[in-house]
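> So you can see what is in the structure, the chains are spelled out below.
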Amino acid sequence: MSNEATLHSQQEVMHGAHDHHDHDHHHEDSFISKYVFSMDHKMIAKQFLITGIVWAIIGAFFSVLFRLQLGFPDATFPWLESILGHWAKGGRITAEAYYALVTMHGTILVFFVLTAGLSGTFSNLLIPLQVGARDMASPFMNCLSYWFFFLASLVMMASLFVQTGPASGGWTMYPPLSALGDASIGSKIGVDLWLTSMALFVVSQLLGGLNYISTILNMRTQGMAMTKMPLTIWSFFFTAVLGVLSFPVLLSGFILLLMDRHAGTSFYLSDIFIAGKALANEGGSAILYQHLFWFLGHPEVYIIILPAMGMVSEVLAVSSRKPIFGYLAMIGSLFAICILAFLVWAHHMFVTGLNPFLGAFFVLLTLLIAVPSAIKVFNWLTTIWKGNINFSPAALFSIGFVSTFISGGLTGIWLGNSSIDIHLHDTMFVIAHFHIVMGVSAFFGMFAGIYHWFPKMYGRFMNNTIGYIHFWVTMVGAYLIFWPMHYEGMAGMPRRYYDVSQWASFKQFGGLNEFITIVVILVFAVQLLFVFNFFYSIFKGRKMTTENPWKATSLEWTTPIHAGHGNWPGEIPVVHRWAYDYSKDGRDFIPQTEPIGPNEVVH
Amino acid sequence: MHTMGIERKKIHPHKYSLWIAMGSITMMFIGFTSAYIVKRSQANWLAFELPHIFWLSTAIILLSSLTVHLALKQFKERNMQRYKQLITITAILGVVFAACQWIGFVQLKNSGLPLSGPVSASFIYVIVGVHMLHVLGGVVALLIMFGRAYRTRVRTYSAVPIEVAATYWHFVDILWIYLLIFLSIAR
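Residue numbers (this note's numbering), protein chains in the order written: chain H, 1 to 603; chain S, 1 to 187.
Derived from the structure by calculation, the hints contain no laboratory data. It cannot be assumed that every hint is accurate.
As the list claims (entries may be wrong) - No more than 30 angstroms apart at the CA atoms, straight line, and that leaves these computed lysine-lysine pairs for DSSO-like: (1) H/Lys386 with H/Lys228; (2) S/Lys15 with H/Lys34; (3) H/Lys46 with S/Lys15; (4) H/Lys277 with S/Lys76; (5) S/Lys10 with S/Lys76.
Given only the sequences and the hints, what does the whole structure look like? Please build it.
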């Protein structure tokens with residue numbers, strides 16, 4: 001190629017990477033291009049967040065409904081019939097509706113809220129802003145990523161309204177219940193819609209993940225070495241890597257499942273009898289599905305928790321006015337968790353007849369995750385140790401995250417041991433464990449992120465008083481809900497049972513189940529208060545008067561209060577230092593953009 | 001201008017994204033082939049010969065890799081007429097490849113191995129079929145390149161989209177060769 005052609009090609013790289021957005025910055029956007037089919041990562045982040053909030057309300061409301069059944073199995077609630085129709089005839093949720101509610105609650109919260117809502121929101125919002133890029137590597141693909149998620153949402157939503165109801169075989173969609181349309185009422189078209197929705201969801205996640213990785217690796221501003229990136233970006237990076245490598249495997253499992261449902265194949269089916277009649281399927285294995293599912297399923301836990309870890313690291317450093325403790329160890333532990341996440345899937349399958357030798361191998365790898373997790377906890381605690389902590393709602397939720405991560409993580413050690421897991425498998429102990437560690441913790445990380453970066457998104461602050469009420473009721477409520485469940489589980493109380501009061505051995509938990517349900521209703525109510533605070537503050541919250549209200553060092557706080565598409569009106573700032581220069585050389589904080597002083601000790 | 005000097009060393013973001021996407025697609029096929037290996041070690045596994053037409057389709061996709069490579073070369077030399085011819089031939093070869101795979105499916109079915117037959121045959125349909133869909137996706141990308149080549153209003157002569165499409169095409173080619181070897185050996 002000639003020199004001229006080379007230069008031309010190089011300029012095109014520039015054009016694609018950065019300059020393109022400069023032009024956009026000066027364009028007048030129409031309503032559609034600005035708010036609907038926006039290619040601005042900040043707007044796409046808001047779209048993910050608001051869709052996630054809508055799903056969170058629905059998913060949490062479903063849990064209130066099935067908790068009513070668990071807490072008050074003999075009571076009737078006539079108002080339920082007006083909401084659920086024949087699914088709650090006489091005011092009592094039917095068994096079919098109960099299983100559908102449990103299934104949809106899990107699906108919605110795991111995938112639509114804690115994956116798309118959490119990672120989709122904050123990866124979109126923060127990656128370009130914190131690495132110093134005008135936008136994502138491909139704004140168009142980023143836009144597509146949201147709209148695939150939206151389509152997935154529509155299909156999943158539609159499944160709630162079909163005559164035979166949504167899928168009801170559990171959020172893991174295990175065959176044969178999911179593979180045979182005649183297996184149960186919840187195995188009919190609801191499962192097809194579930195699979196279609198999830199396929200669209202996987203496409204959305206892949207498009208998003210590709211963008212996040214490309215942007216982080218390839219579009220950092222001058223001076224932004226990998227070791228100068230905030231921990232949020234590291235966590236989003238590893239999350240995206242987990243996603244792009246594990247979601248396709250899930251997709252392969254779903255394709256085989258769809259074939260079993262509609263093409264007469266027998267990947268997962270063998271020796272099945274329905275109503276005494278043998279089906280033609282032979283040679284299949286339901287365990288095969290479990291392998292494919294959990295190869296995504298376990299990394300999915302970290303896809304949910306890693307972004308929360310990153311955001312909590314950031315908020316704790318900012319709130320305590322201290323540099324993050326053990327920055328490189330934090331990155332190393334994220335990396336170790338990322339690798340180990342791929343190597344432990346079979347710990348979900350200890351009771352499937354797994355070879356005991358293999359079981360021991362997976363026990364070892366599972367317990368190894370405790371090491372990087374412990375490093376992270378130690379570093380969070382040492383970060384806030386003797387810090388000048390500003391107990392904002394974001395800081396409180398971050399501290400709450402550390403607390404629930406410790407308590408949820410510790411019970412993980414129990415379940416990671418195959419010998420104990422065989423007793424506790426499919427009991428309320430498992431429910432308690434994963435709800436605390438990847439439900440409550442991840443939500444706390446998400447709340448911390450929302451309270452902290454709300455001003456960046458909307459140029460206003462959320463109400464602190466409501467924030468404090470939100471935190472304390474949620475924090476205390478979460479422990480009151482899930483802690484007693486450990487005891488129920490140790491006593492053998494199974495998960496997913498429609499009416500455990502039918503068993504004499506579990507009748508003793510009747511009062512406890514009532515108590516848990518009442519707390520669930522209270523905690524749900526306070527989440528509605530948070531939702532009110534969120535939407536009210538978008539329009540009526542206290543306005544931001546300065547670009548950097550939290551006195552933070554990272555790049556996102558160098559953009560204007562209402563940054564346009566392209567983020568910085570002029571040149572992209574150049575980075576000189578890491579993101580955690582707090583309380584250094586007698587100064588409260590030093591922005592990343594400030595050059596290193598002549599006698600300064602560089603981190 | 002110092003910033004620009006640093007930017008110049010970088011790979012185009014779309015190329016970067018493609019490499020990650022290829023990793024992602026590879027994982028999906030690793031999922032399929034792992035499932036295949038697991039099933040193969042279990043009872044009721046039926047081994048059979050692959051349809052011979054798959055070898056012909058291999059030659060076709062190899063040839064298409066050559067044509068897309070030449071197309072990219074012609075584009076960089078601004079030989080647009082030749083470029084358009086080669087990109088068209090590549091797209092046609094892609095469609096012919098898919099047609100050959102389809103004929104392979106018909107041959108399998110006629111030999112008493114339908115989709116709903118033994119699991120080993122079902123795997124062939126699914127794995128080859130999903131790969132075929134990826135090839136057809138590449139054909140669509142090539143047709144877009146072809147359309148762009150005729151567009152006269154704006155002509156930037158950016159090689160990036162063609163490089164991305166060509167890399168993807170080579171990828172589906174290599175992926176097919178891997179699948180063919182895998183399915184031939186692990187029967």
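> Please verify whether lysine 10 of chain S and lysine 76 of chain S have alpha carbons no more than 30 angstroms apart.
Answer holds: lysine 10 of chain S to lysine 76 of chain S is near 20 angstroms, not above 30 angstroms.
> Does the structure keep lysine 386 of chain H and lysine 228 of chain H at a Cα separation of 30 angstroms or less?
holds, 24 angstroms
> When you check the alpha-carbon spacing of lysine 277 of chain H and lysine 76 of chain S, does it fall within 30 angstroms?
violated, 65 angstroms
> Compare the distance between the alpha carbons of lysine 46 of chain H and lysine 15 of chain S with 30 angstroms, and conclude whether the hinted pair is satisfied.
Distance of about 28 angstroms is within 30 angstroms: holds.
> Given the hint that lysine 15 of chain S pairs with lysine 34 of chain H, test it: the Cα-Cα distance must not exceed 30 angstroms.
Satisfied, since the Cα-Cα distance of roughly 27 angstroms is no more than 30 angstroms.
Checked against the numbered hints given earlier, this structure breaks only hint 4.
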